[in-house]
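Given chain D, put chain Z in place with the hints provided.
Protein chains in written order, with the working numbering: chain D, 1 to 589; chain Z, 1 to 562.
Worth flagging that the hints you see were computed from the coordinates, not collected in a lab.
You can take every hint at face value.
Computed list of lysine-lysine pairs in DSSO-like fashion (alpha-carbon distance at most 27 angstroms, straight line):
no., chain 1, residue 1, chain 2, residue 2
1, D, Lys198, D, Lys414
2, Z, Lys53, D, Lys70
3, Z, Lys286, Z, Lys484
4, Z, Lys484, Z, Lys74
5, D, Lys577, D, Lys501
6, Z, Lys497, D, Lys414
7, Z, Lys540, Z, Lys110
8, Z, Lys53, Z, Lys74
9, Z, Lys497, D, Lys198
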Amino acid sequence: MNNRFSLTALFAAALLSFAIRTPSAVAQQQLPAKVEIAWNRYYDFSEVVSIIARLVGAYPNLLSVEEIGKSVQGRPLLVVTLNNPSTGSPATKPAMWIDGNIHGNEIQATETVLYSIDYLCRAYGSVPALTELVDQSTFYFLASVNPDGRANWFSQQNNPHSSRTGMQPTDDDRDGSADEDGPDDLDGDGSIGQMWRKDPLGSHRRNPRDPRILERVSSEPRPDGTIEHGEWSHGGSEGIDNDGDGHINEDGPGGYDMNRNWPSDWQPAHVENGAGDYPLCFPETRAIAAWVLNHPNIAAAQSYHNAGGMILRGPGADYREVEYSREDRATYDAISSAGAEMLPHYRPMVIFKELYTVHGGFVNWIAESLGVISFTNELWSDNRILQNGRDPTPEEMVRWRDRVLFGQTTSDWKELSHPEYGSVLVGGGTKWSSRIPPPFMLEEEAHRNFAFTVFHAQQMPRLRFSSIAVECIGEQLWQVTVAVANDHRIPTRTVRASRKKIGFPDHLTLAGLGVTVVSGGPMAQRLATTFDPVRRNPHDLAVEVGVGGLSTDAFRFIVRAPDGARATVRYSGEKFKAIEQTFTLTAAK
Amino acid sequence: MPSTLFLILMLALRSVPTTDERPVALTPKEALASARALVASHPTNAALVSIGKSYGGASIDVLVISENVLNSDKKPSVLLVGGLDGNRPSSVAVTVQAAAQLLTRAELLKSTTFYVIPCANPDAYAAIGARCSDIAGRNLRPIDEDRDGRIDEDRPQDINADGAITMMRRVNPPADDPPTHLPDPADTRLMRGADATKDLRASHTLYIEGLDGDQDGLIAEDGTGGVDIDRNFPHRWQEFDRTAGATQLSEPESQALAQFVLDHPRIIAALVIGRWDNLAKTPDSKGRDITGQTPLMLEGADQPAWEEMGKRWRELSSQSRCEECDPSGSLALWLYAHRGIPTFATQLWGRPDASPAPAPPTTAPPSPVLTPADTESAGWLQWSDRDQAGHGFVAWTPFDHPTLGKVEIGGFRAGFRSDPPAGEVPRLSTAVTNFLSELATKQPRVAVRNVTTSPIAPGVFELQAEIVNEGWLPTSCGMGRINKQPAPIIVRLSTPKNRLLSGQRVTTIEALAGAGDRRSFRWIIRALPAEITALEVVWKPMGTQRIEITNETATTAITVTP
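Just chain D, with the same shape it has in the complex:
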């Protein structure tokens, strides 16, 4: 079973699959493609693997793929690295991590990641802005964090909200058996719909104009004092009491949430439902965490979800807001407000404040434990249906489904006999009916979000020496003032990273033949007249706070060297390309 997803086999399969590829839309700016991929459709996990193999096969100079672990059911976790080796190895550049689909049902996250790989590869060499970005950065893509949940969502009867979990059998109802009472497709339409019980005192009735709509009857008494009743009451998701315990659908496949399983502010299940037995207890989360911890060059991160049109940042819990410093919040805000403009119907939001409390979320871990500026985009919003700034009413929704989608995402109500409920109506929206764009809108969704991650990646730190001033202050004695500029918005070390001493500090070194550094240290600010000398090792300054975003920091060395000696300064750190410059110590102008 474990060899089912062997990469070699997949590459072979990918080569054969050219014969059956679907015709694709051409990207907006008519970029030539080495691999034709349709971005107006969704892909099952095996197709995702095949697309990755085809892309890596078509762009071998830019792309590589590695299996960093396996899911519970043995599917591969495939990280695609996008890097131009002629400008340096991946580890020497700032990297952006982009993943999706940690919730198995949030499927368009994966297409968005794949689209990003495809677009960057196509654009490389012909779109200067993206060529430059690729040359200066590394991208790590994990298209599906939860391949089992995705495979289950595609292949099994589901609804838009089910198969969020991974597929490790879990005893949700604590009766000693795992996954023994999931939903059932009673009407055989391939989808898990809703059930309405026939009930003379029902809370709902069928809309007389359009009986597909079940509407709530008024709970207010009529003018004559009588009370109105409908014929139907809600019976939950389609299913029966498989294990005979009196409950319906209370122990379906899996039953946990991998986006509650990360180390930062992880809390056990009695505090955070679905958190897992302990942080990183699932093979998927454990493998990814180990890999991410091993790649300290990650300087930006995006984790795609659905739905709601949100650009989310941490923290997930109110008591952690104090851990986001004013400076870091300004960095988040600058990026997310640009995103709000690029993504109509999306809003920048703080998870705990405007969504709900999350303990142990992935972006929280990246932001709070690793000190990396990271967002979660909640892809798709019902606002995009009418595009007038609000969600459709139930009637408008039915018209959209009828007239634009031609009824393809709804299943007509059927009256069935249910073993526990008696007569029930079964039907409603299929798993394709909400949370995801209809295929014809997928490419726009993917492109705009991709563009936002490009903007985010373009903010990763980029350094240069803005000036190196040499002054002779005595016999063979020099004062060297070095200004390091970061032209991008993300600092080399976030305040979070420097306060919590995450990773290693940046280093500024000065060295040269016959050159002795007798003192050195940071200057309080760029135009200061003195500096703060370190006590030891002045030739190698550890810079804990790094260089801020869009700012210039200055350092000063007192150096003993003969006139005309050559010296080299080098500024290096974990999350940017190191810079180096050689200059001459001389009084001559």
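Okay, now just chain Z, sitting in the frame of chain D:
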């Protein structure tokens, strides 16, 4: 058989001179050897199972003590963990001896399996002579404590070759290293903090004994290892404390221990010997963590039972003192707060009372009695002076330090304040055995009682039953009722839903408190002629109890399937 026991006792008691010149307990290797000897002589009742390896590659073993090791996992179980804290090497010997003693208690083994982990953190003992007490719980994972890119390059060292890594004190340090302490006027061997109100001014700086190996101005700040296994568990894990690990359960040792516990759902209680103690003094149950939903140390509902068990431990062990300790990230805290297992923790060895001071010569003028700032340290020093021939404390001795200049080296020997003298090991082992035995005796026992049937109408009868906890411990403690990790009791009836006129086919009892707490059930059943109605009561630690009711009246005996 007696010869094996004798061998083990001899191994545990044998006296080997080490750096601190005290008899040492079993090393992990010796513990394993004596555990193997136990297994060899008790093939039916004892087995040794490796559950993982330490970072340094040493096996972590569980000694299974059971009536029959072939089905040991079918019984309620009690867990004993030793060898977690490098400052408590005797805990290894104590757990192995306790295992040997449990093997002699056949009656106890009928009801209970014991899992004994003699050495949960073998790496902590790998280089015991080369460590000071500050880093005693760490495994061998290389950690760059000072983030200078070099690993373990500035270790604590016995630089004056007196056989112990102790402390260094420097009087009148220079401007870049301001003084923090002064010799306590009550006993100038002890160091204390400054006190402005008493005009006690700092005059000394204190360092761990060592050099500035990496010449960064800090002394012994990057020593051997590692992650402290007992700070690597999830409850109140201290992120960014480098000795607590990169993530919760990041270490192979803590992973192995956690997985063992998760794989053995019949564990109903645990005793952990380590840095925390909740028996000598019952912890406060008022504090809650930052979520407000998990206690810091103890849930209020559990306090009375913990107080009672603490009292029993103090009676059994004569230990009533413990050192203050923040149990954040400890194994014991995780077992309790996240798994809901009644977990007792002991430091095993608290400060003994020193003998009375010898009477001063009557001619001497009475000296003024000063109170030391740290009475606990002063008490240890007294006990060392009067009862241990002074070997607990290395007298301050002048030394010329290469970077600090003139210093004095001295202080308490590592382990002196945490590990008992070898002579105490047999007594403490017996106390541990008796405590475990008490836990086993007090375990929850779910019983089905007062099963009655009475006909109501032709073909219809009423069935009543009581589910009783006849043990002393609750089936799920107060913490377990919050985190819902301990198994509930499931009561199941075979009658199909359409012939069950009243009552539930499946009922979950979250918990029964100890000492006779009960839940009554009543069902009205429409039975077919000669139909067998089965009532099943499932509680994971004990298994399934089944009663068959035939012809509305006859009740067959209870059968138990573990």
